[in-house]
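*Asks:* Chain A is already provided as a structure; the job is to place chain B on it using the hints.
The listed protein sequences correspond, in order, to chains A and B. Numbering-wise, the working numbering puts 148 at position 148 of the first sequence, and it's gapless, one number per residue. Numbering-wise, the working numbering puts 475 at position 475 of the second sequence, and it's gapless, one number per residue.
By construction, these hints were calculated from the structure, which means they are not laboratory data. Some clues are possibly wrong.
Unchecked claim - Here are some of the chain B residues that sit facing chain A, going by a computed Cβ distance under 7 Å: (1) A21; (2) L25; (3) E29; (4) P34; (5) G37; (6) A40; (7) S127; (8) L128; (9) S239; (10) G242.
Here the structure is a predicted model, which means the values were calculated and not measured. We put the CB at the ideal spot given by N, CA and C, even for glycine.
There are 2 protein chains.
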Amino acid sequence: MDPTLEKLSARVREVVDLRHAASILSWDERVYMPPGGSAARGQALAAIQRLAHERFTSADVGEWLEYAKAHADGSDAHSEATAILAVTARDYDKATRVPASFVSELAVATSAAQHAWRQARAEADFSLFAPHLDTVFRLKRQYVAFFPSTDHPYDALLDDYEPGMKTSEVQAIFAGIRPRQVALIRAIAERPQVDDRLLRLPYSEPALWDFGVEVATAFGFDWTRGRQDTSPHPFTESSGAGDVRITTRFDPQEPFSTLWATMHEAGHALYEQGSDRRWTRTALEGGTSLAVHESQSRLWENLVGRSRPFWEHFFPALQRRFPAELGGATLDEFYRSINRVQPSLIRVEADEATYNLHVMLRVEMEIAMLGGEVAVNDLPELWNEQMREYLGIVPENAAQGILQDVHWADGLVGYFATYTLGNLISVQLWDAFQSVEPSRDDLMRHGDFSPLLSWLRREIHQHGRRYMPQDLVRRVTGSGIDPEPYLQYLERKYREIYGL
Amino acid sequence: MDPTLEKLSARVREVVDLRHAASILSWDERVYMPPGGSAARGQALAAIQRLAHERFTSADVGEWLEYAKAHADGSDAHSEATAILAVTARDYDKATRVPASFVSELAVATSAAQHAWRQARAEADFSLFAPHLDTVFRLKRQYVAFFPSTDHPYDALLDDYEPGMKTSEVQAIFAGIRPRQVALIRAIAERPQVDDRLLRLPYSEPALWDFGVEVATAFGFDWTRGRQDTSPHPFTESSGAGDVRITTRFDPQEPFSTLWATMHEAGHALYEQGSDRRWTRTALEGGTSLAVHESQSRLWENLVGRSRPFWEHFFPALQRRFPAELGGATLDEFYRSINRVQPSLIRVEADEATYNLHVMLRVEMEIAMLGGEVAVNDLPELWNEQMREYLGIVPENAAQGILQDVHWADGLVGYFATYTLGNLISVQLWDAFQSVEPSRDDLMRHGDFSPLLSWLRREIHQHGRRYMPQDLVRRVTGSGIDPEPYLQYLERKYREIYGL
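Here chain A stands alone, though its shape is the one from the complex (with noise of 0.2 Å):
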């Protein structure tokens, strides 16, 4: 190998190491942590932190890069070569952009942020809140100006989660599944209402858990390369295909959503667990964005889990597990149960019918906001309205409206709209499989999903961040990120559930 390529890959092995490292650390400040170890962590990770991004952006990585691109061979622009060569250089331009004394400020401001939006949360005061949302925004118009200008600033921050997309195609996207989504909840509470009382029955943690083990290993979750855990806000993370830790919760007021979170978290980790390993400690390891790692967990939370198929197979499993709660139940019941469209508060609650208005409101006020077209003390009564208008119910305080999700405070402004890209495109990828599969019901109802996965990581999971999102879906798709499928989706379940 070329002398100056092999010092450019072992930078770049160097600087995923350390990734991996932060990764761990990060997982166990989340998971087992004792509360004094607080300081010395922030102070361990933020250490590593800062020698990963020094390596990476140094400036003999600039010379390595610019030698490959001279030297690549043009002749193969297709070549594994050409893409991690790409990637890195994308990588490269963007964490070189954002000089390390913005980077300093903006964590300071984050971390209070944080601080402060933990004491208005628990007080339901937004006024404690309020300054540092404007801080943290002040400097995200700050970062939006390191990069070249585009159509709309906001443009660049939703690069960062989800590489590519433009402002244009989300605010086109949401404006195409809005009026639907709305007229589909009116529609539905129209209509009589689904009884779920089953589903808060006081059923046991240890047989809720090990049925969440039983599913997840049922899809495929490679138990020698991951584990599970319980943190108090479940997420996936990962050092490396070799080893993606998931993490559950148990609620004993909504006792079954540690079973969705472990579907949830499960789906992110099968797409971690499938990267190829030619791109292990390359800048292609990993996920290629956000709304295609989230098009991953919901496929997996909803469309398979919350099937009418799925449990056919395995509602008698689990009445097995719960004679006493679940013995006199039909599987109807519980299918319309776990199916129940209730429009509430909080988006992390949410069912399928309305967890894209949540997010569609949080996105049009970042918009908003970084536009200057808002002040943030009227974001309160903007959400109400919203709120009013999109879901018919309106919050009681702040802690259940604006302040509920920790995102702003830690200065992750244009992630929320991955959420529902991820929601869009799980539906077009599960199309997409029946075309190719059109056995998938009966598959789901014996139980068998290893086609699913075998199909999931050839065409998504084993590129890595090889193509790019968009890129990536019209592969697979033959489309581009397209709300109709899900529409279609959502129109069908519930109109078989509520006789729309």
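*Replies:* Okay, now just chain B, sitting in the frame of chain A:
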């Protein structure tokens, strides 16, 4: 603060932060990591250790240290700043003497040696490990040559674990212990043996775990700054005084080993948790040597945990947890059982009377091998001879003999002596505590460990690495490391138990 001194402090903080990160990665590797994470973990740990080494040994650190020494306030030889500077300079000197190329060569050699050792032990075939052991000792001789000449080449190895300790001192101490411990064991062998079958009943693992937690809590282990998990080999890992983790294990053949491990590791952890906040993120963080560390673990495990006064307090609680197993046992039966002397083949299972002889045998071999006085192939026979002479028993195979410990495969030569030195120091401290607290045994009888912990905090723990280990022992006990108190303790204890 002087900007040059601030640069030095900042660099040390960064290096300590990286070590904290490595500590968590290493803990996770042994406690929770799925097997598939092994390769990525090795790479992540190597990257962090390499960067920590590079950042600490860079030429600017040497210049800052020279500047700091030149500008030191000579009027205050005992100040904190002077202590921090002295230890930092000592660490720098040691770290810069060994070339990076040698560190890599040793890492490669020990990685291969560990692999071979595992296989050799599994097959009880020393010949598989012998060439690797030869290489390790060849490299250790090279390592010694990087340091200034000492009275004995082994001094340079000892110094890595027990700063300032000389081979001649260790040999003199061992020569004093050997005949009296051998004589003690022979005298015990002639007495009626203790029946300890009540320790091998089918005790419940969770109940023993809970009892261990109760004991560690009574010792003063701070659970907000630590935790306990299980691992095949119990250990303590600290990433600063705010996050100190211990592990234990459960062996149904030796159920109480889980309790001894908890007490032993809690002793190490109390030392780490007691390091003064002033030393946080400086070279003075942590314990001053392995022997002083072992003095803490052995004090809590043996002098407290295997004493009659301790069990006068805790035996009723243990009986309440295990009414079927221990309801009919007397305190005396239990006390004698847990102090049974039985020459055995495996060091980590050895009782207090025989343990040091296991250590001496290893240390004598290390010294002879380093000096080239014995050939690697003669070691198994030498092992058997020494075992026969010291303990009157001979292993059936190398797995129960020379292959039982991982230390040499890990490149840890000079380490074993600290186990015995720690035993000796533990009794010196135990006596010193009684001289200031004559009611020591009554405190144990009442389960009141806080005066002991406060005394250890003040005399040992808070100082971190401020004092050289032998200076610290002398400060507290008025004497250097001295075997006499330990021998008297053993003789007194077993005289009573065995009616010698």
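*Asks:* So, for every hint listed, does it hold in this structure?
*Replies:* Consistency of the hints with the structure:
{"no.": "1", "hint": "A21", "in the structure": "holds (4 Å)"}
{"no.": "2", "hint": "L25", "in the structure": "holds (6 Å)"}
{"no.": "3", "hint": "E29", "in the structure": "violated (9 Å)"}
{"no.": "4", "hint": "P34", "in the structure": "holds (5 Å)"}
{"no.": "5", "hint": "G37", "in the structure": "holds (3 Å)"}
{"no.": "6", "hint": "A40", "in the structure": "holds (4 Å)"}
{"no.": "7", "hint": "S127", "in the structure": "violated (32 Å)"}
{"no.": "8", "hint": "L128", "in the structure": "violated (27 Å)"}
{"no.": "9", "hint": "S239", "in the structure": "holds (6 Å)"}
{"no.": "10", "hint": "G242", "in the structure": "holds (4 Å)"}
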